[in-house]
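These protein sequences, in sequence, are chains A and B. Going by the working numbering, the first sequence opens with residue 1, and the numbers climb by one from there. Going by the working numbering, the second sequence opens with residue 181, and the numbers climb by one from there.
Check before you lean on any hint, since a few could be wrong.
[Claimed, not checked] Each computed SDA-like pair below joins lysine to any residue, with the alpha-carbon atoms no more than 20 Å apart:
no. : chain 1 : residue 1 : chain 2 : residue 2
1   : A       : Lys156    : B       : Lys360
2   : A       : Lys174    : A       : Ala19
3   : A       : Lys179    : B       : Gly215
If you are wondering where the hints come from, they were derived from the structure by calculation, not from laboratory data.
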Amino acid sequence: MKKTLVLFSVLLLTVSVSAQKYLTRNGTIKFHSETPLEEIEAINNQVSGVINMDNGEMALTLLMKAFEFEKALMQEHFNEKYVESDEYPKAKFVGSVEDFSSLTLTDKPQVVTIKGKLTIHGVTQDVVVKGSLAKNGDKIVGTSTFQIKPEDYDIKIPRSVKDNIAKTIDITVKMEYAKR
Amino acid sequence: MRNVKSPRLFTVVFAVILQFQVYAQGDLMSLLEEGDDTIVNYTFATFKNTRLITGHSVETNAEGVLQFNIGHRFGRVNSGWRNLFGIDNSTIRMEFQYGITDRLNIGLSRSSFQKTYDGMIKYKLLRQKTGAETFPFTATVVSNMYCLANEWPNPDRENYFSSRLSYHHSLLLARKFGGKFSFQFSPTVVHRNLVRLEGDRNTVFSLGSGASLELTGSLRLNAESFLIFPGQFESKIGGETVKSAFSIGVDLETGGHVFQMHLTNSRGMTEKILIGETTGSWANGDIHFGFNISRVFTANRK
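Please construct the entire structure, taking both the sequences and the accompanying hints into account.
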């Protein structure tokens, strides 16, 4: 009886330790603003993200300074005046995929709803976005396209450039997670 | 028998349940932040422009960027209302600066005052940084060569081309404090090939300093001074002695333009005049109003 008990506990311990986490440090997030006056686009290829394949919980973090623009002055203004990246160096997302347990991942992307808290410029907002998840070999690919409003995150646009920056910014996320 | 077994079973089950802890989202975030200690933050926007007021700031233009500066300096405010407080007596300076790399810039300019052409080369040696690597300040070296294009005032004597030339070299050392305030030291050497009297030194030293305070994201308050060490000048210019230069101004930034407006006791917009030919006295009201407009073009996209 003692032996069975010990064996049983050891087996249980073995099973419980393997929480399946998939991680990446090279995810891509692109944002795009278009107005009749100006088109602004920037891309960040150093997004870190993790997804827990046991329960669909996920987290993303990125450095604002890692957004690359075509124009150096635009990049400087973005960091110095708009998102104030010296004070708020990172943007974060913490959330989970809804109805994750009913999901079976295949090669074909499946539409999912992701709910969570997005923090930009020190302001946190509840967000619900649509995305997709798929398998790519032994990797997990997650994508999402959604919009945010700079004013929701206290990002002040000076009156002189009000018409150069769109009221809603398009965000495109593409992450390829590998088993940790 | 049963009583002995239960506590043991309970302990085992309890230990097993502990292993099933769901990774709280906080744990996920700390997993992502493991790489944070390798991040290096290079300080940016120590000043809003490559020139503070008259003198240079440590800032350089990024690679492929062309900057056009047009500077206006007017006459003395105390020249009275008939001269519109100096506005009638205006000089301009047009300057192009180009970023060969993020750290190496070259420039070409012309000033209407003394009809001077000048070429510039500027290199950012060291950058202020925090994070995984730290360095306390930004250091930039800048050199100019000036050539006067006026007609010889005395064509009968033997005039050498080299007499038209002057040079300037500065080591700019600046630090940004807390995101809002920046301070710069600019030890400077100016060499004039031709000077008027023997008692005038050809090579002149000055300690420049500058400060900039951010008022809003688009507005900064600046101050600049160039202290002239005594004993370097004998001759007077227009009957006045050579003095140290003091200036105050503001930077106003909109989109791709930086407007700089200032008050200064120096007549010229180049270091050659700033250091060695400044004769105005703030106490007397020998103050010049000036403004610069700086516009940046991305000549070669990254």
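Here is how each hint holds up against the structure:
This hinted pair checks out: A:Lys156 and B:Lys360 have alpha carbons roughly 17 Å apart, not beyond 20 Å. Between A:Lys174 and A:Ala19 the CA atoms are separated by roughly 23 Å; this puts the pair beyond 20 Å, and the hint is violated. A C-alpha spacing of about 17 Å is found between A:Lys179 and B:Gly215, which places the hinted pair at or below 20 Å, so the restraint holds.
In the structure shown, a violation is registered for the earlier hint numbered 2 alone.
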